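Residue numbers (the numbering used here), protein chains in the order written: chain A, 1 to 250; chain B, 1 to 258.
Simulated from the structure, these hints should not be mistaken for lab results.
Do not rely on the hints blindly, as some may be mistaken.
So the derived label-pair ranges between C-beta atoms look like this [said to hold, decoys possible]: (1) B:I11 with A:D146: 40 to 46 Å; (2) B:A116 with A:D13: 34 to 40 Å; (3) B:I132 with A:R125: 41 to 47 Å; (4) B:L152 with A:K191: 39 to 45 Å; (5) B:G221 with A:D146: 39 to 45 Å; (6) A:K6 with B:I11: 53 to 59 Å; (7) A:K191 with B:L22: 35 to 41 Å; (8) B:M249 with A:E90: 17 to 23 Å; (9) B:G237 with A:Q228: 50 to 56 Å; (10) B:A240 with A:N54: 37 to 43 Å; (11) A:D13 with B:A197: 54 to 60 Å.
Computed from a predicted structure; not experimentally measured.
Don't be surprised by glycine CBs; every beta carbon is placed ideally from N, CA and C.
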Amino acid sequence: MTHQIKLTNVDLDYFVYSLRSQSLRSAVFNLAVGGKMYKAAGDVAAVKALSNINLEINEGDRIALVGHNGSGKTTLLKVIAGIYHPTRGELHIDGDITSMIAINAGLDMEATGLRNIHKLGMMRRLPRKVIDSRVDAIAEFSGLGDFLHLPVRTYSAGMLARLMFTVATEFEADILVLDEWLSAGDADFVKKAGQRMHQMVEDAKIVVMATHDHDLVRRVCNRVCELQGGKIAFLGSTEDWLAFRETHAA
Amino acid sequence: MAALKDVGDGIRLAPLWWRLGLDQTASRFQRSILGPFWMACNLLVVAFALAFIVSGLMGVNFGASYPSVVAGLLAWSLVGTAIAESQAIFLYNAGLMQSQRLPLSFYVFLHVQKSATNFLFQLIAFWAMMVILGKFAVPHWTLLPALALELLLVGLLGFIVAVPSTRFRDVAYMMSYVVQLAFYVTPVFWQRDQMSAKHRWVADLNPLAHQVELLRAPLTGHPVAMMDWWWTLGMTGAAALVALILLAMFRKRVVFWL
Chain A
1 MTHQIKLTNV DLDYFVYSLR SQSLRSAVFN LAVGGKMYKA AGDVAAVKAL SNINLEINEG
61 DRIALVGHNG SGKTTLLKVI AGIYHPTRGE LHIDGDITSM IAINAGLDME ATGLRNIHKL
121 GMMRRLPRKV IDSRVDAIAE FSGLGDFLHL PVRTYSAGML ARLMFTVATE FEADILVLDE
181 WLSAGDADFV KKAGQRMHQM VEDAKIVVMA THDHDLVRRV CNRVCELQGG KIAFLGSTED
241 WLAFRETHAA
Chain B
1 MAALKDVGDG IRLAPLWWRL GLDQTASRFQ RSILGPFWMA CNLLVVAFAL AFIVSGLMGV
61 NFGASYPSVV AGLLAWSLVG TAIAESQAIF LYNAGLMQSQ RLPLSFYVFL HVQKSATNFL
121 FQLIAFWAMM VILGKFAVPH WTLLPALALE LLLVGLLGFI VAVPSTRFRD VAYMMSYVVQ
181 LAFYVTPVFW QRDQMSAKHR WVADLNPLAH QVELLRAPLT GHPVAMMDWW WTLGMTGAAA
241 LVALILLAMF RKRVVFWL
């Protein structure tokens, strides 16, 4: 089975609800005044987070999503991960997705690292035996060792990144979706993580990663998609993107 | 159609919400020794206080009213408390909803699982107490279908409450007051025939009263009145319709409201 992600003309309107609009009173007011007064004040802001995204990601691709803060990287990741449904357009996915978008997603901060490994494995519907058999490998690769016996709330951001990345990649997945938190790890770990991602691609898998770290892009990814204001500004190989950066930076 | 698929996907994920429900219950009572039995203790103590007051006010025998009050409160944990708690179905799992693709119905099943677990612990405490007091009654077999129907209703009503609670945070706060109000006008700690004939409609036309009775009767060893079945089945049908419409309309929106 070949794995593929295909987005066709995808738009995503993001509705931002201000505090006021989340209260019932303003909805009642809306009814009373014919829905003009408060709406005119702009309590629900529709943000066009993504517009007309056409993207095909094939087996063996390690694609980096780059762009300024607020350019739509995380939103696009969430669309790919199936968390946000496109407002318009089509999304087609072949393969099992593992997404690690928020660094503490699915973690129980009070529980130990070990218990959280079980929990994350459980969320991916893995049998207990499979999880048990990988715990040692996770402890070793993440370099957390005995720290796995401490509650996760005592971890630093880098330690969390180590734990999350290791768990995300230790259990097989066809498609791995990562947000930029990976760079929270130290240089040593980022290097190790890069090697592991290369390994994953040799097993013909897809990695989609949002990042600001151009160095990481160069080392790990073979394709780049640059977003600007919710639109694709550049899509091509890493070499072409570096050239594109050169010309645009100058 | 897509709404039904959402429910189907949710059912297929049963092993996951089963495990996650147990896990969330366990972590809720982390570091406590009695754990979920705290809820059960709460049930027994509150029932004791209410039965004491009611027997004093109404001049009925405490020993006779206690089992009925405990059974009523036990039923209320599914009929009322589970609905009040359902405002948090999506809010509690916001982190999960924003990081993993799961059908919306998954979170509803998760809530039903947690409510059922909680009910089970209270049920054990109820039976233990009844044995100690020498008032244990063998439950009527209709307890099983009644429980199944009530759990279905917990899911349906829970979803109907959870959707507006996520969109309008006031609804979330309002629910605890609404349920508290409903608690007083429902014959949970008092009995229908203790009410004056003029005010008896409060119990007769109250769907919650019939839902409570649907569980209380078999718990105390009596068969369920046909009337209670009809009311609860009617509620389930109506709730299923509303829940399906809400699911079809807002399935894709809920995640943006978190």
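Here is what the structure says about each hint:
1. For I11 (chain B) paired with D146 (chain A), a C-beta distance near 41 Å keeps the hint of 40 to 46 Å intact.
2. Against the hinted window of 34 to 40 Å, the Cβ-Cβ separation of A116 (chain B) and D13 (chain A) comes to about 38 Å, which satisfies the hint.
3. For the hinted restraint 41 to 47 Å between I132 (chain B) and R125 (chain A), the CB-CB distance of approximately 42 Å keeps it satisfied.
4. Between L152 (chain B) and K191 (chain A), the C-beta spacing of about 53 Å breaks the proposed range 39 to 45 Å.
5. In this structure, G221 (chain B) and D146 (chain A) break the distance hint of 39 to 45 Å, their C-beta atoms being roughly 55 Å apart.
6. Between K6 (chain A) and I11 (chain B) the beta carbons are some 28 Å apart, a value that contradicts the proposed interval 53 to 59 Å.
7. A hinted range of 35 to 41 Å for the beta carbons of K191 (chain A) and L22 (chain B) is consistent with their spacing of about 39 Å.
8. Against the hinted window of 17 to 23 Å, the Cβ-Cβ separation of M249 (chain B) and E90 (chain A) comes to about 21 Å, which satisfies the hint.
9. Taking 50 to 56 Å as the suggested C-beta distance range, the pair G237 (chain B) and Q228 (chain A) conforms, at roughly 52 Å.
10. Evaluation of the 37 to 43 Å hint for A240 (chain B) and N54 (chain A) yields a pass: the beta carbon distance comes to about 40 Å.
11. Our hint of 54 to 60 Å for D13 (chain A) and A197 (chain B) holds, since their Cβ atoms are close to 58 Å apart.
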